[in-house]
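Chains as they are written, first to last, in the numbering used here: chain A, 4 to 134; chain B, 10 to 225; chain C, 1010 to 1185.
Heads up, some of the hints might be wrong.
Said to hold, decoys possible - Residues on chain B that point at chain C, a partial pick, calculated with CB under 7 Å:
#1 Pro147
#2 Pro154
#3 Tyr161
#4 His165
#5 Ile168
#6 Leu172
#7 Ala174
#8 Pro176
#9 Ile177
As the list claims (entries may be wrong) - Straight-line alpha carbon distances no greater than 27 Å define the calculated DSS-like cross-link-like pairs of lysine-lysine that follow:
#10 C:Lys1181 to C:Lys1161
#11 A:Lys41 to C:Lys1161
#12 C:Lys1161 to B:Lys157
#13 B:Lys157 to C:Lys1122
#14 C:Lys1089 to C:Lys1122
#15 C:Lys1181 to C:Lys1164
#16 C:Lys1157 to C:Lys1122
#17 C:Lys1089 to A:Lys41
#18 A:Lys41 to C:Lys1164
#19 C:Lys1181 to A:Lys35
#20 B:Lys157 to B:Lys35
#21 A:Lys41 to C:Lys1181
#22 A:Lys35 to C:Lys1161
#23 A:Lys35 to C:Lys1164
#24 B:Lys157 to B:Lys87
Just so you know, these hints were derived from the structure itself, not from any lab. Cβ atoms here follow ideal geometry from the backbone N, Cα and C, with glycine treated the same way.
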Amino acid sequence: MFLDFHAVTVFLITGVAMVCTPMIMGVLFRPKNSYPEKDMPYECGEDPIGDAQVRFDMRFYTIALIFIIFEVEIALMFPWARVFKGAENPPLALGAGLVFAFIVFLGLVVDWAKGDLNWVKTFRNKRRVQE
Amino acid sequence: MNESAIHQSLLAAGIAGVGDLDESSKDPTIEVQPEALVETMTWLRDDAGCAMEMLHLVTAVEREDRMDLVYHLSSLAKHHSITVRVSVARPEGDVEFVPEVPSVASVFSSADWHEREQWDLLGVRFAGHPDHRRILLPEEWIGHPLRKDYVYPSEHGGIPLELDAVPIYEKAPAGEAAERVSEPRPAGAPLTQPPSEPSHRPHAGGKAPDKTKDQS
Amino acid sequence: MGILNNAFPSNAVTDAVDGAIGWGRKSSIWPMTFGIACCAIEMMAVYAATFDLDRYGAGVPRATPRQSDLIIVPGTVNAKMAVRVKRLYDQMAEPRYVIAMGACVCGGGPYVKWGYNTVKGVHKIIPVDIFVPGCPPRPEALMDGILKLREKVSKDDVFRRRQHANGEMTAKYEAV
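With the sequences and hints as input, model every part of the structure.
This is the structure we're talking about:
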C-alpha cells in the first residue's frame, strides 16, 4: 500500500534535499569572520539607539488571522469540488459543502459587524462619556 | 534708492554709531559700530523708504588687525540693496582672538544659520544668538578652520585626515615616526602657502618634484 | 564552520569548481546603494537605462550592507561620514568588495591640499579593490571598473588555496 505513494516520497525527499544541500554546503564553505563591529545592529551606519523591540500593531495580526481562516476554507473546498462529480448522493454532498461554507460565512459576518475588516476603526453608536 | 541715498536716510534716522559709506569696494558698504548693529538692522528693515526685508548673507573676513562682519541686505519691494560692515579690532598679543558681536537673529531669521556658520568656521561669537553651536563640523571639532593660523588636524575621532597617513587597517611597522602635525603659519610667511608640504604630490610628466622651485 | 573554506590545494578539480563558483559570483555582484556626493549621480546613471548595469547582474542595489557584496563609495568622505563608511563596511558579510569611485575617494581629489575635514582617499579607512578616477568618472568608466572587479571576483579562491604571484598563499579572512 505504501508503494502507491512513491511519487510523493520522491517529491518529499527531493524537496528536502534541495533545501538542505545548499545550506550544508554553505556551512562548510563559507568564511567565518565575526567581530563586534560586524554583529552590531544595522541603523544606516549610525549608532543604534532605542529598543529593538517595537510595539506591534494588533491590526496586522487580526487581518492575517482572518486571511488564514479563509485561505484554509478555500483549500478545503478544492477536494470537495473534486470528489463532487462521482458522489453517490449528490444532494448530500452539495448540502455538506454548503453547510461548511455557511458556518465559515457566519464568522465573516461577525468580523464585519464588529468592524475588524476596517483598517481605521470608527466610533459607532457609542454613548459619549459624560464630562 | 541708490546706496548713498540709503546712507543719508540712515544718518537722518539719528542712530548713534552709524559711520561712513565706503564706496571704494564693489558693494558700497556702511560702516557701523557693533553697539549700533541691531538698531541699524531693525531700522533698515522697518523703514518704509529702505524696506530691507531680506538679509542674504552674514559673513566674516579675518584681517591682520581686525575681524570684519559683513551683512548683505536687499529689498525685494524697492529693488535696492546695501551692505553693512562691523569691525572688531584684534587686541595686541591676543592669540585666541574671539570677537563678540551682537546677533541679528532676532531681526532677520536668516541670520540664525549664517551666524552659526561664522562661529563654526571663523570663531565669531554672537551675543544673544538663540542656538550658538557649530553647524557644519562635528560638535567635538577643535578650532575654527578658516582662520589663517588654523592648525590642520592629523586625525579626528580615529579617522586619519592626512594625505600620507597610514591606513587604519594596516598596522604601522615598529619604529616608524609619529604622525606629523602641521605647524602654525610662521610670522611673515605668505598667506597662500599650505600649512605643510606633503612628501609626495601629484605632478605632471612623471618627474620628481623640484624642491628648489616654489611649490605654491 | 567554514572548515572546507580554502582547504584544498589547486588542482584540476578544485580549479574547475572554483571557476564555476567564480562565474556565479561575478555574475551576481549586488552593490549597496551608498551615494555620498556628486559621483553618486554618475553611479545612478550607470544603474539607469542608458548604461544599464543590470545586464552584468549587478543592477540590484541593496539598501542594507547585510545583503550586498559590493560597496561603491562615490563622493567625498568627511571625517563625520568616514565613521559611517567604516561601520557599513564592517557590517557587510564576506566576501565583500570595495570600488572607490571618483577623485575624492581615490586620493583626496580637489580637497587634497586644503581639506581640513576630508579623508584623503577612502583606502585610509577600508581596503579598496578597484579605484575609478575621475571627477566624476563617466558612467562608462565606472562600468569599466565593475568589469575589472568581475575579473577579480572570478579568480577568487573558495575551495582552493593558491600561491599568488607575490609569493603569498591565499589568506584567511581577518577582521579589518
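Exercise. Where does the structure disagree with the numbered hints, that is, which hint numbers, in rising order?
Worked result: Failing hints, ascending: 12, 16, 24.
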